[in-house]
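Taken in sequence, the protein lines are chains A and X. Counting along the first sequence from 1, when you hit position 135 you're at 141 in this note's numbering, and nothing is skipped either side. Counting along the second sequence from 1, when you hit position 65 you're at 70 in this note's numbering, and nothing is skipped either side.
If you're looking for bench data, these hints aren't it; they were derived computationally from the structure. Misleading hints may appear alongside valid ones.
Said to hold, decoys possible - To give an idea of the chain A side of the interface with chain X (calculated C-beta under 10 Å), a few residues:
| hint | residue |
| --- | --- |
| 1 | 35 |
| 2 | 231 |
| 3 | 232 |
| 4 | 248 |
| 5 | 249 |
| 6 | 254 |
| 7 | 278 |
| 8 | 282 |
C-beta atoms are modelled at their ideal positions from N, C-alpha and C, and glycine is treated no differently.
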Amino acid sequence: MRKKILLIGKSGSGKTSMRAIIFANYTSRDTNRLGATIEVNQAYFKFLGNLILNLWDCGGQDHFMENYFSSQRDTIFKNVEVLIYVFDVYSFETEKDIFYYQRSLESLVTHSPNAKIFVLVNKMDLIPEYERDKKFEKHKAEILEYSKPVQIKCFQTSIWDETLYRAWSSIVQDIVLNSSLLANSLNEFSNVIEADEILLFERTTFLVVSQSLRKEHSDLKRFEKISSIIKQFKVNCNRFDTTFQSIEIKNDNFTIIIDNFTPNTYIMVIVSDPNITPALTIHNIKYAQKHFQLLESQT
Amino acid sequence: MSKMMSSSVIDQTSSLSISSQNILSNGTIVDFSVGSMPANYGYDESFSKEDDEEDSNEESSQFKPRILIMGLRKSGKTSIKNVVFHKMEPNETLLLDPTTKTNLEDISCCSFITFQVYDCSGQIDLFNDPTCDYIALLKGCGSLIFVIDAQDEDQYTDAISCLTQTIFKGYNINRGIKFEVFIHKVDGFPDEKKMDIYNEIQQRANEMLIQQDATESLIQKIYLNYHLTSIYDHSIFEAFSKVVHKLIPQHRQLERLLDFLCNSCGLERAFLFDVASKIFIASDCISPLDTQLYELCCDKIDLVLDISNIYAPKDVEGISADDSSYTCVKLNNELYLYMKQVDKFLAFVCVIRDEIFVENRGIMDYNLTLFKDSIKDILSAQKTVSQDQSVNNQNNTNSSEPDTSNMANNILGNL
Chain A
7 MRKKILLIGK
17 SGSGKTSMRA
27 IIFANYTSRD
37 TNRLGATIEV
47 NQAYFKFLGN
57 LILNLWDCGG
67 QDHFMENYFS
77 SQRDTIFKNV
87 EVLIYVFDVY
97 SFETEKDIFY
107 YQRSLESLVT
117 HSPNAKIFVL
127 VNKMDLIPEY
137 ERDKKFEKHK
147 AEILEYSKPV
157 QIKCFQTSIW
167 DETLYRAWSS
177 IVQDIVLNSS
187 LLANSLNEFS
197 NVIEADEILL
207 FERTTFLVVS
217 QSLRKEHSDL
227 KRFEKISSII
237 KQFKVNCNRF
247 DTTFQSIEIK
257 NDNFTIIIDN
267 FTPNTYIMVI
277 VSDPNITPAL
287 TIHNIKYAQK
297 HFQLLESQT
Chain X
6 MSKMMSSSVI
16 DQTSSLSISS
26 QNILSNGTIV
36 DFSVGSMPAN
46 YGYDESFSKE
56 DDEEDSNEES
66 SQFKPRILIM
76 GLRKSGKTSI
86 KNVVFHKMEP
96 NETLLLDPTT
106 KTNLEDISCC
116 SFITFQVYDC
126 SGQIDLFNDP
136 TCDYIALLKG
146 CGSLIFVIDA
156 QDEDQYTDAI
166 SCLTQTIFKG
176 YNINRGIKFE
186 VFIHKVDGFP
196 DEKKMDIYNE
206 IQQRANEMLI
216 QQDATESLIQ
226 KIYLNYHLTS
236 IYDHSIFEAF
246 SKVVHKLIPQ
256 HRQLERLLDF
266 LCNSCGLERA
276 FLFDVASKIF
286 IASDCISPLD
296 TQLYELCCDK
306 IDLVLDISNI
316 YAPKDVEGIS
326 ADDSSYTCVK
336 LNNELYLYMK
346 QVDKFLAFVC
356 VIRDEIFVEN
366 RGIMDYNLTL
376 FKDSIKDILS
386 AQKTVSQDQS
396 VNNQNNTNSS
406 EPDTSNMANN
416 ILGNL
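Using the sequences provided together with the hints, build the complete structure.
And the structure:
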């Protein structure tokens with residue numbers, strides 16, 4: 007099952023950097039090695055077993071952009087599952103940016119009317135922290151205005167913190183096929199083992215694919231933080247030609263177990279009941295694996 | 006073997022007694038040996054008030070050796086201090102302002118390392134500046150780190166002459182100072198170039214030392230340690246660890262303890278880490294230090310701290326140190342990284358093979374509880390010994406040396 011994802015935006019907005027960090031294990035520092043993308047760079051990523059993401063990273067220089075809307079319009083905008091449009095918050099040249107954006111929307115609506123649209127406002131780290139939310143809300147309002155009547159989802163991102171993972175997790179969760187079935191199964195599992203939270207991560211990218219929450223937690227940004235923390239550790243391990251299989255953290259307040267789950271996912275279980283030993287949780291996870299593996303192979 | 010161990014422990018503590026006595030002009034005898042610091046360092050009161058404003062607690066300042074970080078302007082001193090002790094990201098150090106005043110940093114609050122780190126301004130010539138009492142600074146100094154910027158080749162000569170000047174002045178004031186040279190900012194160079202730079206600087210420094218040492222008596226007694234460092238990888242932590250090892254009097258005992266633990270539990274590698282700064286206080290001596298394993302352990306500590314901070318309840322900080330807490334990372338090359346918190350600041354991290362870990366988990370946990378107790382004994386015993394020494398300078402009271410023989414008897418072998 008192939009899904010085509012279009013990554014479009016002005017030259018230098020950060021499309022290739024984001025793709026490199028999420029899918030190719032680059033660190034944020036490594037991305038300064040990347041050069042301008044020439045025309046369209048197509049890549050295939052296996053995701054969750056039988057899902058293949060066909061990522062079209064479209065170079066954003068002006069003469070390429072003009073081609074996308076004219077001679078290559080059909081090729082680019084047909085059969086698109088998801089459009090990701092990237093704005094650079096620092097060099098927001100409103101007129102030209104909005105012009106390209108609206109033309110992209112038009113082309114998309116014509117050729118792939120059912121596509122989902124995500125707009126990312128990137129390079130938010132260049133804005134001082136106290137101004138960030140305000141600036142983002144302002145841009146978001148403008149973008150929503152220019153997008154009417156098309157429905158879009160808008161995120162602020164930066165390759166230097168966890169916001170990147172948040173945006174891409176949302177994108178990926180929308181694409182995953184049986185997400186509601188998965189979520190229900192996870193909820194059931196969670197109730198049985200009395201876990202506070204269960205997160206399901208995709209194996210290579212460590213994006214959160216599904217989650218089940220039984221207990222409230224004050225930090226709403228924790229999913230993406232965990233994604234980036236574990237991804238960072240994974241990349242560090244790769245430097246030594248090794249990778250981790252499982253992580254167990256136990257103390258007075260909680261027990262966290264991160265383990266291989268299905269061939270394409272990792273699971274993270276957080277239990278705060280001190281009476282439940284880690285061994286019990288691990289045992290339960292092993293038994294649940296079969297059910298979830300079956301679920302994954304069925305789609 | 007246990008008897009040998011306890012007798013050698015006695016040797017260790019006795020050798021830490023007065024190594025150099027300095028008689029001040031008013032006739033009081035002051036002990037400047039590292040590891041036992043009298044509350045009154047024996048220097049100018051005004052100097053201490055200017056920089057030690059926060060450090061008014063006499064007792065806590067008693068056991069704090071000093072590390073001085075010196076070097077030319079823009080060599081990287083403040084960046085090093087921030088990256089190692091304040092968990093600053095290396096790329097954020099580009100935004101730091103030049104240091105204008107010599108800063109005293111007391112890092113004992115969150116770290117086992119109860120040192121005072123002096124970050125000296127490169128813009129002030131320490132020895133010619135009338136406002137700076139360098140004699141006092143150097144007298145209480147345990148280790149002097151001189152940072153040379155390896156990327157700035159034109160400045161090598163200046164840096165090395167400043168280094169030699171500092172060494173001679175320092176040695177004349179305090180014989181106990183250990184001199185370390187950090188050849189810094191080597192991240193951009195390939196390995197061969199790094200060795201070239203290392204050899205070049207070492208050679209030139211030796212030449213200049215010999216040149217300036219008229220009597221040739223000092224050159225044999227001064228030993229310089231060179232380290233290639235960079236804040237962009239783990240080399241700075243490793244170098245700092247080695248510096249710290251020489252300043253911790255209990256280091257040899259801790260190493261022996263770790264050796265013993267490794268042998269009896271079949272560990273590949275064991276470290277005692279200071280969690281806040283990721284400096285390792287001690288490591289086993291069975292095999293030479295494997296940088297990769299050290300880095301993996303550092304990364305693991307980062308991971309655990311970050312995740313724990315997200316899920317810990319608000320009033321709890323860091324990792325809890327009780328017996329049943331642990332952290333375990335299984336790697337795919339049949340190795341486990343196992344970590345247990347020893348006390349508030351220290352964590353024990355070991356690398357152990359799959360099969361051995363699974364088989365001997367229970368024994369290892371038991372041994373680790375004994376290990377924890379021994380460490381506490383060692384650390385508290387040193388304090389008692391120092392206290393006695395500073396009160397009564399002439400006596401070597403070894404009444405409270407740690408009794409590691411007990412632990413040695415009780416540790417169960419795994420075979």
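Status of the hints after comparison with the structure:
| no. | hint | in the structure |
| --- | --- | --- |
| 1 | 35 | holds, 7 Å |
| 2 | 231 | holds, 6 Å |
| 3 | 232 | holds, 7 Å |
| 4 | 248 | holds, 5 Å |
| 5 | 249 | holds, 5 Å |
| 6 | 254 | holds, 4 Å |
| 7 | 278 | holds, 8 Å |
| 8 | 282 | violated, 13 Å |
Of the numbered hints given earlier, the model fails hint 8 alone.
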